[in-house]
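**Q** Can you make the complete structure from the sequences, with help from the hints?
Numbering (the working numbering), first residue to last: 1 to 78.
It should be emphasised that the hints constitute simulated quantities derived from the structure, not laboratory data.
Please read all numbers here as calculations on a predicted model, not as lab measurements.
The C-beta atom is built at its ideal place from N, Cα and C for all residues, glycine as well.
Where hints are given, some of them may not hold.
To be verified - Each pair of labels, with its calculated beta carbon distance range: (1) D10 / S66: 17 to 23 Å; (2) D33 / K57: 26 to 32 Å; (3) N8 / G71: 26 to 32 Å; (4) E44 / S66: 15 to 21 Å; (5) D10 / E41: 24 to 30 Å; (6) I76 / N56: 26 to 32 Å.
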Amino acid sequence: MFVKTYENLDSSAINRLKIGKNSVFVTYQSNIDKEYEFNCENTEEFNQLVSNTLNNKESLGKLLNSSIREGKLVDITK
Numbered sequence: 001m002f003v004k005t006y007e008n009l010d011s012s013a014i015n016r017l018k019i020g021k022n023s024v025f026v027t028y029q030s031n032i033d034k035e036y037e038f039n040c041e042n043t044e045e046f047n048q049l050v051s052n053t054l055n056n057k058e059s060l061g062k063l064l065n066s067s068i069r070e071g072k073l074v075d076i077t078k
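**A** Below you can see the structure in the form of structure tokens.
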């Protein structure tokens with residue numbers, strides 16, 4: 001079950017972003033056929049960050065990178 005799906009993003013790095021109950025799924029522009037799954041403990045907070053980033057026309061790739069570095073998103077792609 002997905003809480004929110006972001007498609008047709010104005011991003012050079014991110015093609016699609018899906019936020020589920022406990023996971024975030026990212027499809028990068030570099031390979032639109034592969035989806036990466038990240039564990040996220042607080043998807044509501046992350047969804048709000050994504051929404052704010054898009055509304056402020058800030059970098060979604062930068063948000064993802066910092067979230068991964070801070071441990072808010074943990075890669076579980078097989």
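**Q** Now look at each hint and say whether the structure bears it out.
**A** For each hint, the structure was consulted:
1. D10 / S66: 17 to 23 Å: holds, 19 Å
2. D33 / K57: 26 to 32 Å: Once the Cβ atoms are compared, 28 Å apart, the range 26 to 32 Å for K57 and D33 holds.
3. N8 / G71: 26 to 32 Å: At 29 Å between Cβs, range holds.
4. E44 / S66: 15 to 21 Å: holds, 18 Å
5. D10 / E41: 24 to 30 Å: With Cβ atoms ~28 Å apart, the hint holds.
6. I76 / N56: 26 to 32 Å: Between I76 and N56, where Cβ atoms are some 29 Å apart, the hint holds.
In summary, the structure agrees with every hint in the numbered list given earlier.
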